[in-house]
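All chains, please: the whole structure from these sequences, using the hints.
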Amino acid sequence: MKILVAVKQVAALDEDFEIGSDGRDVDPDFLIRDLNEWDDFSLEEAVKIKEASGDPVEVIAVSVGPEEVDESLRKCLAKGADRALRVWDEAVRGSDPIAIARILAAVAKRETPDMLFAGVQSSDQSFASTGIATAGLLGWPHGAVVANLRYAPGAKTAVFRRELEGGLLHEVEIQVPAVLTIQAGINTPRYASLRSIKQAAAKPIEVLGLSDLAVDAATVGEAGSLSRVRRMYIPEKGRAQLIEGSPAEQAARLAAIIREFKGEAA
Amino acid sequence: MSRTDAVTRILFEAFSAAEVRLFYALGYAAIAVFFYGVYVQVRKYRRGAPLKLEGGLGRRVWSMFTSVFGGRTVDRRDPAAGGAHRLIFYGFLLLFAGTSTITLEYDILQPLFGIRFWYGRFYLIFSLVLDVAGVALIGGLLYMMYRRGWMRLPKLDYARPDRVPGDPDFNRPQYRREDWAFLWILLIIGFTGYVLEAARLVWLADRADVWDTRWWSPVGAALAHGMMAMGLGEHGAGLLRHGLWWFHGMIALILIALIPRTKVKHIFTAAASLLVRDPLAAQRLPRIPDTQEKPGVDKITDFTWKQLLNLDSCTKCGRCHEACPARAVGAPLSPRDVILSLREFANATLESTTLPAAAELSVHGKAPGQVAMETLWACRTCMACVEICPVAVEHVPIIVQMRRKLVEDGAMDPLLTKTLQTIHKTGNSFGESKRKRGSWTKPLPFKIKDARKEPVEVLWFVGDYASFDPRNQKVSQTFATLLHEAGVDFGILYDGESNAGNDVRRVGEEGLYEVLANANVAALASAKFKTIVTTDPHSYNTIRNEYPDFGGKYQIQHYTSFVKQLFESGKLKVTTPLKLRATFHDPCHLGRFNKGYEPPRDVLKLLGCELVEMGRNRSNSFCCGAGGGRIWIPDPVGSEKPAQNRIKEAAAIPGIEVYVVSCPKDLTMFEDALKTTGNEGKFVVKELIELIREAIPAAQTPEAC
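Residue numbers (the numbering used here), protein chains in the order written: chain A, 1 to 266; chain B, 1001 to 1705.
Heads up, some of the hints might be wrong.
[Claimed, not checked] Covered stretches of chain A, as calculated for chain B (at least 3 residues, CB under 8 Å):
1. 114-128
2. 181-191
[As the list claims (entries may be wrong)] Every beta carbon over 10 Å from chain B, so not counted as near; a handful from chain A, in silico:
3. Lys-2
4. Asp-34
5. Trp-88
6. Leu-137
7. His-142
8. Glu-163
9. Leu-164
10. Val-172
11. Ile-197
12. Ala-218
The hints are simulated quantities; they were obtained by calculation from the structure and are not laboratory data.
Quick reminder that beta carbons are idealized off the backbone N, C-alpha and C, glycines included.
Encoded structure:
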């Protein structure tokens, strides 16, 4: 029995950040890296299923990214993942979520898991599409924004609940193998102590290239993506002002401002 | 043989040979039971984890002897009990020594070497000494009985704050029975000793060697005269003596046989505990050995032999129970009960011939003998328990070792989990960017040197709270200005500094502590300075006592002693004496942990303040409740917080104007408690630094400060 958990190392902004020279992303010097919040929950859900199961279950964490991503994968190993995989090739840089999904689908074909979990979205880019796209590429059923899950490894189906607007709940039965995107709050992720993270450093992280997965380099990266970030910027801030005084004073001030905007002399 | 030579102790006179043989048989049996008990106890301790003691044996032995024979530790905060204990201790010791020397002569020296000394003047003086010792013993015992029976001391109430009435181990009446049995047994031995002595005198009144020297045993002689006045004759006295001899002897033998299995054992275990005492037990927590697979204590056998010995030293005196701030505000923790629970657990599991299966050895949980997670997390690691324990029980490392296991399992408050993750990510508990650590210096009209870039005399280790908390930033700016005005050549580490880790370590997150300590040691290594000064007692403690284990050995001072030197050398001068009625709160990590009691008081007096002490001061200072990581764990709603308890104590001082602290966390805790106890407006909470500023108004105070 296998559960594959797709995780991402996300970036958080430091104070006083700057946009990089190409204008398409924040200068990496100003980013703090950490495991995506949602992935903490999806990994915990997989580990909980493993711990509750009588049969052996293997939890495999997989991420697409350069070497620095190992730090997040080690956290996954510390929290109970049995193996970690990292896929990287310089050609992957600039991939959109669909291109990343192509790689994850190739990993799923290689590992043939019973379930593939992903977070609902990543906290830094919020596309919320990688997991769903992977299901599409694999031709597997998918459940999005899963807030509760009942699944025994080896079973042919799983039942999950999704929260809808107005306090409604959706209870869905799904064929396995399936892709589920896990909502934050589904469980309480465990704490990975620094010691367990250090000890996890002893567990190997398997690094795969595109050729290992038989993924054509032309189908990933900017070349293989159908969308492209044009620029990243901070919009100019609007100005707000509270006009005080009696109604007459307020009206006079407002009129003055309007005249100012129209370019008339005060 | 001269007449005085004939004067000696009457032993087996008028006993048949069979009786003497029976007595010896019983005596050997009692000693055998005693030694088997000792063996079982030693086997129990040896089932603990190994530990190598540091420090010279000579100093250990000396400190143990002065504590045991001086009774210093038993006197503290309860001099009457200390005095009574001293009477019992010396009374028992002399009487026991008396009996032992008789054995030495009668059973060893005389039969083997023909040596005798137990006669004549030596015997007479000894019998006088023993008579007085008996009075001391009985007097001490009677006071202890009065104390237990009539004084109703809360610290002697065994009801537990971490259990509810109805739980099997709620108030443990068996302890009460044991306490009383111990007192009664000693009292009966002492009392029958006198009656026996008197009966012997009456019985042998015809013999000059016995009767003429009777006043060398004044109590016995007086009793003998009383008995004779009541008409006791030689025959009756002989019978009484014979019967009492056996009764007295049997009770004494039973006591000896039971020593290893009852609280009487403290005469050995307490001395042993004092011998292996670590004077820095709470100040410098143990590292996790590389060979240890899982951190902390899960099973009872994960405790070191010394900790198992500690458990057996406890006499339930209740001093820690009384001192504990968590217990005082109704939290489910009494240091006494942690120790007693673990002792019950150790006795139940480790005294058996074969060690139970590992699954039965976990000390975590809610069953009798186990310690609940809520109990462990209630601890503030303020060291009040360790500091006051008369028998050197080291509660804090025991609790932290158990917390290490909880941290490994993630069994902690979600907010604490979040804080630890934050500290790992950003190096501070505020979740602020590392870059912003030095931001508080920006409003200052001068630039503070970056000690990593240029050499300084004094390196100021600022700490998290003083760097990021807005209220404390103002204090930091004031302190920087004072140093600047005093012409001190100082600098800080800016973003090179991380949380010092003192509280992270006391939470039990040792891995994160290692990361923080190593980062700071590396940052300090990159700086050039002569001495460190810190405004944060928590940082002060860990840098001073724990960084040496990580290769960081420095000269370090808390700012209070540094400022005192600045005053003494004339670099700072009071220009406006304050004339305030002030009380001073000793921060745990400055006072109890590092004995910095006097410098802040000296500075306060230099400022012209009138210092009025709170009842609980110096070593008995009452924790603000923030220690041991509790500042990151919310206190339960509705119950009193330690800081509120403390502020109420200060509010009871008539005419109090200012409550002085010298710790950033104290400032936060007590300003809050001042408001929540409704004392706002009645007096104020101030950092000593702020008072110094008031007493030395600056020529030009910077606008932003």
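Cross-check of the supplied hints:
Closer than 8 Å: that is the beta-carbon criterion, and the stretch 114-128 of chain A has 0 residues meeting it against chain B, so the requirement of 3 is violated. Counting residues of the stretch 181-191 of chain A whose C-beta sits closer than 8 Å to any C-beta of chain B gives 3, which meets the bar of three, so the coverage hint holds. Separation of A:Lys-2 from chain B is adequate, the least Cβ-Cβ distance of about 25 Å exceeding the 10 Å criterion. Listed as outside the interface, A:Asp-34 is inconsistent with that label: its C-beta sits roughly 6 Å from the nearest C-beta of chain B, within the 10 Å cut-off.
Distance check on A:Trp-88: its Cβ is at least 23 Å (rounded) from any Cβ of chain B, clearing the 10 Å threshold; non-interface status holds. The beta carbon of A:Leu-137 is kept farther than 10 Å from every beta carbon of chain B, the shortest such distance being approximately 34 Å. Residue-level check passed: A:His-142 sits 30 Å from the nearest beta carbon of chain B, beyond 10 Å. No Cβ of chain B approaches the Cβ of A:Glu-163 within 10 Å, the least distance being about 21 Å, so the stated non-interface status holds.
Consistency note on A:Leu-164: stated as away from chain B, and its beta-carbon is indeed over 10 Å from all of that chain's, at 27 Å minimum. A cut-off of 10 Å between C-beta atoms confirms that A:Val-172 is not in contact with chain B; the least separation is 29 Å. Not every beta carbon of chain B lies more than 10 Å from that of A:Ile-197, the smallest distance being close to 7 Å; the non-interface claim is violated. For A:Ala-218, the shortest C-beta to C-beta distance to chain B comes to about 37 Å, beyond the 10 Å cut-off, and the non-interface label holds.
Hints 1, 4 and 11 from the list above are not met by this structure, while the remaining hints are.
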